[in-house]
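Undergrad: Those sequence lines, one after another, are chains A and W.
Note that the numbering used here gives residue 173 to position 173 of the first sequence, counting from 1, and the numbers run on in steps of one.
Note that the numbering used here gives residue 3 to position 3 of the second sequence, counting from 1, and the numbers run on in steps of one.
The set of hints was computed from the structure by calculation and includes no laboratory data.
Glycine residues also receive a C-beta, built at the ideal position from the N, C-alpha and C atoms.
Treat the hints loosely; a few may be bogus.
What the hints assert, rightly or not - Some chain A residues flagged as far from chain W (calculated, every beta-carbon gap over 12 Å):
hint, residue
1, V67
2, S80
3, I82
4, H96
5, I107
6, N211
7, V223
8, C224
As the list claims (entries may be wrong) - Which residues of chain W face chain A? A few of them, derived with a C-beta cut under 8 Å, are:
hint, residue
9, P3
10, I8
11, L10
12, F11
13, S20
14, K26
15, A28
16, Y29
17, D30
18, S31
19, P32
20, F36
21, I39
22, L43
23, T45
What the hints assert, rightly or not - Quick list of simulated restraints, FRET-style, between CB atoms:
hint, chain 1, residue 1, chain 2, residue 2, range
24, A, V24, W, G22, 53 to 61 Å
25, A, L33, W, L19, 47 to 55 Å
26, W, L18, A, E154, 47 to 55 Å
27, W, I2, A, I47, 36 to 44 Å
28, A, E99, W, E50, 41 to 49 Å
29, A, L161, W, L33, 23 to 31 Å
30, W, P32, A, E103, 43 to 51 Å
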Amino acid sequence: MLDVDREIQSVWKRVYTNPYSRAVGVGLPVSLLFVMLVIGTQIAFRIFYLYVTDNENAEINVFYKNVPYILYAISIVVYSKIYYYVAKILVDKENHRTESKYESSLIQKVYIFNFVNMYISNFVFAFWAKSFSKLAQNLATFLVAKQVLVNVVEWLKLSLLVKKKITKISKQYDDLIAQSTSPMEKQMLKMQKSIEEQNMMMPHQKETIMNSYLEGIVQLGFVCLFANCLTVAAIFCVITNMIEIRIKLS
Amino acid sequence: MIPAVVGIVLFIIQTNDLLSNGKEWKDAYDSPLNTFYSILIMLWTTGLVESWKRK
């Protein structure tokens, strides 16, 4: 009897610590919850849009016509960021044996969520509303608003957090160099300054390449699935990518 | 860059149809030329994904 108990206990332990059972038992329900949240938000924005377009006041209509689209673009960015951190926690808890399995699990989760999050509104306009004009409008607003938002956040992060710190450190060391009299000490301070400046730069993140590829794949999806409705979508992607490269290089 | 360049050319033709030839929005931007653009996108995407695999 005791042996059977031990056997059951060990089987249960194996199941409990198995990455696959953790992914199915915990990761899948949490991911589905987020997908449902995205679908719920989409329905809420549709209702808001219908309420706005039904409004009899023409001036308000024109002013608020694009508000639901812009709000939806903001919600997409916010959901993506939140889910990314949740997915990382989930994958950390899945207890993967190798780095490649960890990355595969993270990529699967994040891409499937992003597929729903990014494309759902376009699929709604294409197959439910069956409106080319609305789909083109949604695509244009999304591509412009999302990319502008992402680039502004990136630029602010870079200029407010990183450059400010580097300038502060640089100023402190410049004062010290000016005060010092020995050439040897000056040389040492210059070297320390260079090291400190590099230390203040943005840390290298393991998932940077993964995020870049994910962004590229999402844009490729936009072009190959919906560019037919808005033929300038591809050039929007090229321009925004060039701006992003410039920001990152600066 | 291929879909971007072809897309701009197509967009200019469509906008010209809308403004000069007096076509309606739907007819101008949902033209027969979109079929050829779809085929181009299809071929370009396949080529891109295959070349990506090789890398």
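Undergrad: Any hints this thing doesn't respect? Which numbers, in order?
TA: 7, 8, 13, 15, 18, 19, 20, 21, 22, 26, 28 and 29
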